[in-house]
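Protein chains: 2
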Amino acid sequence: MLSKFKKHLEEQFSKTLTRKILLAVSGGVDSVVLAHLCRQAGLDIALAHCNFNLRGEESEGDESFVLELADALETEIFIEGFETEAYAAGKKISIQMAARELRYNWFRELRETLQFDYIFTAHHANDNLETVLINLIRGTGLEGLTGIPDVNDCVIRPLLPFSREEIEKYARGQELQWREDSSNASTKYFRNKVRLEVIPTLLEMNPQLLESFAKTRSHLQQSSQLIEDYVSVIFPKVAKQEEYGYSFKVKLLQALPSTKAVMYELFKSFGFTEWEDVHGLLESQPGKIVYSKTHRLIRGREDLLLTVVSPLEDKIYTIKEDEEVVMLPMGTFQFEPAEELEKSDASVIFLDRDKLQFPLTVRKWQQGDYFYPFGMKGKKKISKFFKDEKLSLPQKENCWLLCSGQEIVWVINYRADARFAVEDSTQEILRLSYTP
Amino acid sequence: MLSKFKKHLEEQFSKTLTRKILLAVSGGVDSVVLAHLCRQAGLDIALAHCNFNLRGEESEGDESFVLELADALETEIFIEGFETEAYAAGKKISIQMAARELRYNWFRELRETLQFDYIFTAHHANDNLETVLINLIRGTGLEGLTGIPDVNDCVIRPLLPFSREEIEKYARGQELQWREDSSNASTKYFRNKVRLEVIPTLLEMNPQLLESFAKTRSHLQQSSQLIEDYVSVIFPKVAKQEEYGYSFKVKLLQALPSTKAVMYELFKSFGFTEWEDVHGLLESQPGKIVYSKTHRLIRGREDLLLTVVSPLEDKIYTIKEDEEVVMLPMGTFQFEPAEELEKSDASVIFLDRDKLQFPLTVRKWQQGDYFYPFGMKGKKKISKFFKDEKLSLPQKENCWLLCSGQEIVWVINYRADARFAVEDSTQEILRLSYTP
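As they're listed, the protein sequences go chains A and Y. When the letters of the first sequence are read in order and numbered with UniProt numbering, they come out as residues 1 to 436. When the letters of the second sequence are read in order and numbered with UniProt numbering, they come out as residues 1 to 436.
So that you can see chain A by itself, here it is in the shape it has in the complex (with noise of 0.2 angstroms):
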């Protein structure tokens, strides 16, 4: 099995020989057998264990056991306790979700301090057709029966294409020790329903069951390859890079032959999940939306807008009388003196420097919002004025305003209040400029 192991991370994780790996560990014979392995075949390892403290003196017995484990592997090791159970309680998610949870944000955290390279975990065949049987049963995709990822990221799963058996059976070859996991079977009632159910059924069937599972995982792999293929070939020619994100042409998306399936791949990324939805916003008005947790799409006249949900959005910046150069996270501002009026663009404004009421402050606008648009007489609400320079609304939404006070003295890129214009009595002119 050793040698079969090496090959394995010499053909698929060659990168990782040489570099630094943190071991989740929790004592049982699966990552019991990943460490001893990955120390044989001379792997820089430090090993991590979390005590979810859920199953009382059992948990401590495993934390002594893989201190031990450690010992005789000559290798760090890092242990972290965790009221997992508290934890679940005020999040409101299963244990088993709450255990993962805080698994993977503390291996994260870790490799992160301590500079790991990659994250090891035990995961192995068995795991994976349980994985995709579930999935299976509850309704999946092409991604969920292909299953447990070999690389996600930083983590690394070497042991997926190793049974069960395998490992047990390496495990008493080499007379290692390892802890059993009587956790609450009634936690992983899928889980142990698959495992101990359906699976030996399927065995009775087809005795080569595994090694059938890892052809048709392979052959899915390499479906979902394509279609990642397809669609980056596809995502440059409907969209188009903005300020704001990104925008999809309507009439390029409906020509293409699979619509709804495209906009499927092109949009999961984003995090949506609310299928007839987005696929609806072809049909729909403009100003239509469509939130997934980081992202909206927006209907617009003839494109869809992709943009991220911002978290500036509530936030006020302020600027202090005599700065100069103001860095802030839409822009940079910068204010200069100046002896009279120049030729401007939609960047630059002059004041009359004795209008303004120190500290400015820079927010996005608000319903309601009104100012004294330059060139126009009487005032004018915000809202008008976007309509009226047919704004879209991701461009409405990023649009920030300058105040004086709770005037605003400039809707910045588009248009000067009035009031705060230089007039034949202004005794000191301030050029402003803005770049995004």
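If you're looking for bench data, these hints aren't it; they were derived computationally from the structure. Among the hints, erroneous ones may be present.
[To be verified] Derived DMTMM-like pairs: lysine to aspartate or glutamate, alpha-carbon spacing no greater than 25 angstroms straight-line: (1) Y:K215 to A:E340; (2) Y:K260 to A:E274; (3) A:K293 to A:E274; (4) A:K268 to Y:D181; (5) A:K381 to A:E340; (6) A:K355 to A:E340.
Since the structure of chain A is provided, determine the placement of chain Y on it from the hints.
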């Protein structure tokens, strides 16, 4: 159920509503329900029943039953008896495979002779889930996981969205009669095991299993469609139509992002199954060939050459004396008397009529063939001639010889033989032209 059935037909198979349909009926509940539903939906159906003579009296009982059914539904019925066991033994295939072949062959025959537009079969959602699980257990790919197709050429399965439970409930509700199939459980080992052991366990885990599966299937069908779309984008980029089939530039195939997966998709419709060999052609020496049942893929110098495995190859065609226009499978020959030699190209030669010995023959070349190339001194092996002319393997294979007795008159479309050339002494000049 009738309204759901009508809706499904209208949405998916509206073209069938006014056509002539042949409905495969075993006498089991599925096909009986399908027949009733079709009749009530006002479709123009006739029944077709196969008696496989595998269950003695029971088979006879089925036959009488479907006769009565046709009577009650006032539809035409076709019944055919088969010697299934003898057929299976003769072809060395399983009884199930034999029944399947006999059934579909007969249906297609009936369809063609009696001008039916479609064949309906009564496969339902449970059949489909069983098929997918069997495929998964045996090892499969994306296609195997999408299961039984709704439409396959002229065969349509309009009950696929319905569960066995729905169908039986409808049958009981309408007080329909049907026949229970007691066919030998051992020949249906796999399917019965999946139906009676696997699926019940899965249903305990997810009572909505069939609905989830329908969604999974629709996702996989979309993935499958995307791959088809992608391949239809790639095909014209890497393939060039040739007289003998297609050529594929090796460099272009190698430059694709997922060469192996694309090659699988490109060549599977030509019947290839030996994927390692097909992919291996990219790296192999010119001349290497991989065969499918219908095609062959040949490694050329810079291309892969795809040709049909020709059924013409061993045939010898004859051309009688005094025929002016002779149409043969490979092309048309036209004989005309000529006064003098004209300028000619590869498709026209001039012969000394008196040197020919009729009937002439047209055949493929064989190892050992030689001729006296016009314009050269002495004789040359055909194989050497081809090599010197740098012909590709499919070009060689598609090359025909015109012979007079044992002597070669013309390597058609390439070179005439000097022995039959027009001389000063020629009495009668024959102009022979060839159009592929």
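Now the hints, each set against the structure:
1. Y:K215 to A:E340: Violated, because 69 angstroms separates the two Cα atoms, which is more than 25 angstroms.
2. Y:K260 to A:E274: violated (34 angstroms)
3. A:K293 to A:E274: Cα-Cα ~11 angstroms, so holds.
4. A:K268 to Y:D181: violated (47 angstroms)
5. A:K381 to A:E340: At roughly 30 angstroms apart (the allowed maximum being 25 angstroms), E340 of chain A and K381 of chain A break the hint.
6. A:K355 to A:E340: Distance ~17 angstroms between K355 of chain A and E340 of chain A Cα, so the pair holds.
Taken one by one, the earlier hints fail for this structure at numbers 1, 2, 4, 5, listed in ascending order.
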